[in-house]
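Residue numbers (the numbering used here), protein chains in the order written: chain Z, -18 to 33; chain R, 112 to 836.
Because the hints were derived from the structure by calculation, they are not lab data.
We put the beta carbon where it would ideally sit given N, CA and C, even for glycine.
Certain hints may be false.
Okay, the calculated beta carbon distance ranges per label pair [what the hints assert, rightly or not]:
| hint | chain 1 | residue 1 | chain 2 | residue 2 | range |
| --- | --- | --- | --- | --- | --- |
| 1 | R | A154 | Z | A1 | 55 to 63 Å |
| 2 | Z | F4 | R | D679 | 50 to 58 Å |
| 3 | Z | F4 | R | Q721 | 50 to 58 Å |
| 4 | R | R790 | Z | L0 | 52 to 60 Å |
| 5 | R | R190 | Z | G(-1) | 32 to 40 Å |
| 6 | R | N366 | Z | A1 | 40 to 48 Å |
| 7 | Z | A1 | R | L833 | 29 to 37 Å |
| 8 | Z | G(-1) | R | P805 | 17 to 25 Å |
| 9 | Z | G(-1) | R | A154 | 33 to 41 Å |
| 10 | Z | L0 | R | Q770 | 44 to 52 Å |
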Amino acid sequence: MSVLAYLIPISLILGSVGLAAFFYTLRSSQYDDPEGDSRRILSDEWDDKPKP
Amino acid sequence: MTARLRPSLAACPACAAAPQDGGEQAPAEARLALSLPGIHCQACISAVERALNAHPGIRSARVNLTLKRALIEAEPDLRAADLIPVLESIGYEAHELDLAALAATRNDKAGRDLLMRLAVAGFASMNVMLLSVSVWSGAPDATRDMFHWISAAIAFPAVIFAAQPFFRNAWSALRVGRLNMDVPIVLALVLALATSLWETSLSGEHAYFDAALTLTFFLLAGRYLDYRTRAVARSAAEELAALEVPRAIRLLNGNEHEVPVADLAVGDLILVRPGGRMPVDGEIAEGQSELDRSLLTGETLPVFAAPGLAVSAGEVNLTGPLTIRATAVGEDASLHRMADLVAIAESGRSRYTSLADSAAKLYAPGVHILSALAFAGWYLWTFDIRMALNIAAAVLIITCPCALGLAVPAVTTAASGRLFRRGMLIKHATALERLAEVDTVVFDKTGTLTAGTPQATNLGDHARADLEIALALAEGSSHPLSVALAGAARDAGVSAAKVQKIAEVPGYGTEGLFRGRPVRLGRAAWAGAEQGSQTAAWLDSGAGEAKAFLFTDALRPGAAEAVQALQDAGKDVLLISGDATGAVEDLAGRLGISNWVAEALPADKCARMQMLTEQGRNVLMVGDGLNDTAALAAAHVSISPASALDAARVASDIVLLGQDLSPIAEACSLAQKATRRIRQNFRIATLYNVIAVPLAIAGLATPLIAALAMSTSSITVSLNALRLR
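Same shape as in the complex, but just chain R (with noise of 0.2 Å):
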């Protein structure tokens, strides 16, 4: 993940500082990609191309339903910009993607390479099976011996192709020196075939092709799910990653351009509109305004901006334009340092061994040794080297983790797809494991808990001409916490005095002038008042003290439901925030959270992180900010919002699509039973063994008890993984 953060770390600083200009030299067409979360149907497919191909400068537009995109080749010189408001004219909702970020999804070659090798070993196996019915139905000596060379003919050069994943896993971990899933699987495919061509070749009764081939076929299945699973989740996680397309305008001799931010040099002067976000890290140099730091440190009140002050990555301007020079770019920028911190916190989360590697390690060193004493007994008793070895085939095959392999992806597939439906991704591997073993959660406050928008709380404590003063002047501004007063204000009936000559003052608030009285609304030095703990605007009405409108942030929806089903669950719920502890604690009330910490910093948060995991703790964090990113690398397993910043969804295991909150509970305990359903597949899988494994050894495994044999406990344990839908 840190190669995604830095993505040019492998290529020399003159390469990355020179102009890639290899793009942009007039190519002959531009390939766009929208992204339309609203189409469902035929008629918006429809729709959509009729109305993009009717646009000038479209050479062809087409719709992608499954994955909810449009994708259009068209003119150089046409922007999304110019699509998306024809598009939002008959009703869909769009947002441009970078295609650079999709690239890597673009095309599946691995899915596809998987399906092909599963598509082989279909047609081998069910063709083998074929030949191999009519041997078991009693096919005399010539036919039977022209069958099995029949089979040997098909089910050499199908598993050679097929099972190509497994070798060369296998290969790489014996090379390493350790044993893994795969090597007892190869073992069995070479064994079952050379035995099978021995037996052959002497005319021999039985021949394991067939099992060879519904062996390899079984577990591709599962490798297959695995892999659909993690693709699912990787697209849409790179689609989030998409939407915030990287542009920065770039000032040059007085002309705004607009540059990929990618493009940016340390020294130059960039523009950032009200409610743009801060591309690289830098210092003002023109301009005034307040900054939302929020999504970096987790305090919810906004900072007065001016020129000298140094902002960095990520931090939103509120109210009036800045020009900033910027002075660390790319990798040197804060959020990519951040990176550094995550690397340090994820090698602890690297040592979890998922439930099939630790099946793995007992279960390769166990299979092999049962089937060299199985050989070396027979052949001491018998002194036939070709039965014993028969034997020792037999004895692999049977035992061959058909339904090992399918158990864990069979679930991990169930469960995740029926949280996808509930709007959240896992992206990681193992996430949903570590999930189940969660005993507390720790949550981040500003973005996480709270929406991130002010609620006025005071209204009741104002005169009514005060109010109307103030809405009068709220109207006036686009600052959030305008907004947020204007709203509440037009709620609670009142309407707007009449205030003449309104103005903003980028960085302090609004002024103007009421019955000849100079009046103003914003910060506390401007209103002329004591700065306090909360969040609050003060209106300065002309007349005695400044009054101060207070605010705290509107709760996340379901993040109510959500602690308290946790809670249920018996686990611990904290809450760690970088935000002042006013706030917090009353935050912490509203909730019923009875442990919270204030004023924390990244570093803070992830030692607490690290105390919690000493004392043997299974710590959940959620959280969305840049403060949060290495405490979420730090966690058990972590969960992050859709509307978090990119390192910090990068960081974390799981992502929330949705507003929503309360499927956090709801998914920790879709863990636990996922977590039950796949240890009952491991016992299914080793009672069967039980059974079969002696019969194997005693040598009574024909190829159709053992054609029987592995059918069954993969069905088994399919059917099983279902359960959980």
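Chain Z with its partners taken away, still in its complex shape (with noise of 0.2 Å):
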């Protein structure tokens, strides 16, 4: 049982830094233009970058 102790913690944690990834993807605006960006994979001017 005291796999227990290993795998409940790190399924949390795991979870966890999912949930801080969507919050992170949601606060910078990642979701104001999805039809756009799934455009945009196919241009050879990457923007990855943010503009100066």
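Two chains, two frames, some hints: make the complex.
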């Protein structure tokens, strides 16, 4: 049963990491233009760094 | 909605009168927004962004494909008018958007908030469910207790954070002594958490932490769907409003200045060019022209305008430049006074209770009574307060309206998504339900059934020579009647006569010299004739009597089909217009509408709407003008085309984005289907309660059964809603 002492915290931590990542994407308005983002993958003009 | 028509109601008059120079003191950079209706692919995004970024003065430009918009940060002196030709030269239609009008939707804070709570509820419920599955599959004593404690540690903060919208709604309902759907939800959540914690501390077998969390998750999903549908409609409606950038040309010491309409004051001299709209109420100080009043009164015949005539905001100047002196601006202008009529009429509509609300009214007390009875019964039977409380909590959780909370939003999301693709925008939450009840349809004429562009009807009555002269004169003017006449004549194969010295006389028509004789095309009195009741341009060819070219309004595409389909569906169709009797009778005959009223004033329209309502009819009003605004608000449900005045669009429940009217009939039948599906969903939810509630009261509802029942009912309801697509 001692394996549970590792597994439960690990699953919780991994879950919270995912949740935190979701919050980050939500706050940095990455869901503002889902349609445009899916097309921009095809572009050669990468803009994955913010404009100065 | 009246708040939007009168934005500065709360501000003191002195503040409103003070110049708003906050933004004008040399801003570091200008933010511009362009609407790009034509973009649809990756190549479009790159082309537009490359063209904009290459333009001098632009710091950055980014296209948003979802909203079909470009947001631009540029040097302060750059104007949107400079950029539109740039985009048009590479083949994209562009329109300026008023950023101030868009500001309300730019930060979608409420949507983000709901999504965040949804994510927390989802994360917590998945983890707790994982632990619960181990408990259900038979984890022994100490392990079970540990799992329950971990579940409690996750569930408490998660529910407290995620279920805040329900807590807030329930509290605001309870404070005014009402019950809504959120009251049983909150009671169930609180009771489930409290009894589960108590059970856990006594190392009991059953804990409902997972039920509390999945309940929150499903209900938040319903709320978010509901919110999304309305946010899409709101942002599209606001974009329509933002397309009309309210600017006016103020004359100051003979110089023209372009200023925002909000800065105009009484007494200002304002220049209105041909084709422009009056920004404020005023009096003509200089110039002669004709005015198109169709949006305000419904009359299609242009009105002659000369110094001294009073004009109202919203009228369109047709032929010559006019200088007007403002007599009423902002809240006093006639456009804004109409808001009062709307506010009065709207108070009638707010009495409508949606299906969800009427279900909640029955449901909330029923559930509370049931669970109180279960508690009392079990307490009297066993004298065990822990047992009785557990069963009461189980009853509340099992009856809790997961399915009910999803039943309405899932269906309305599916239905309004489908209508949106057909070019209709549902603005009001209960518009679909009200549309399903419609049995009478009232149409306005000008701008609604007709496109507002004239069509020449009697070219065949005229001699060839006259047609040639008329074409030559018509080509010299951009008056809508001239344009229509020239187009029709050219289509008939007429070529223009050699008329010399063609000159336009603003407000009257065009004149010229043909073989030494003066010839004129224009207003009746000017060409030497009597004014008739029909829209007409008169030709004085210098030989004998003046001849009339008659015009009728062209039908809007889909108008005939829409009227036919509505009549086939068994609805009464009426035509109420402010236009002259002849024109209305003609149109009613063409469309097969037997019931029509002409020369109706705005108050007449509103009164007739109330009369129909008193007769027990549910009226759908379709209209576009200022004269329809009050009637639109008074009707059971209302539709206005996107070309309508802002005030009319604000007053209506549904906006028609395209030119085509035919989706109206389809919308009615889809609304009926959607309402049927909502009722069906309610029946599914009830059926599941009929099975599950006796189990809960009998004390047989384990957390496993609760979880199974809750998920099955929610999923069934959602799938049923999807069938609507």
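Verification of the supplied hints:
no., hint, verdict
1, A154/R to A1/Z: 55 to 63 Å, "violated, 36 Å"
2, F4/Z to D679/R: 50 to 58 Å, "holds, 53 Å"
3, F4/Z to Q721/R: 50 to 58 Å, "holds, 51 Å"
4, R790/R to L0/Z: 52 to 60 Å, "violated, 38 Å"
5, R190/R to G(-1)/Z: 32 to 40 Å, "violated, 46 Å"
6, N366/R to A1/Z: 40 to 48 Å, "violated, 59 Å"
7, A1/Z to L833/R: 29 to 37 Å, "holds, 32 Å"
8, G(-1)/Z to P805/R: 17 to 25 Å, "violated, 40 Å"
9, G(-1)/Z to A154/R: 33 to 41 Å, "holds, 35 Å"
10, L0/Z to Q770/R: 44 to 52 Å, "holds, 47 Å"
Hint compliance for this structure: hints 1, 4, 5, 6 and 8 are not met, and every other hint is.
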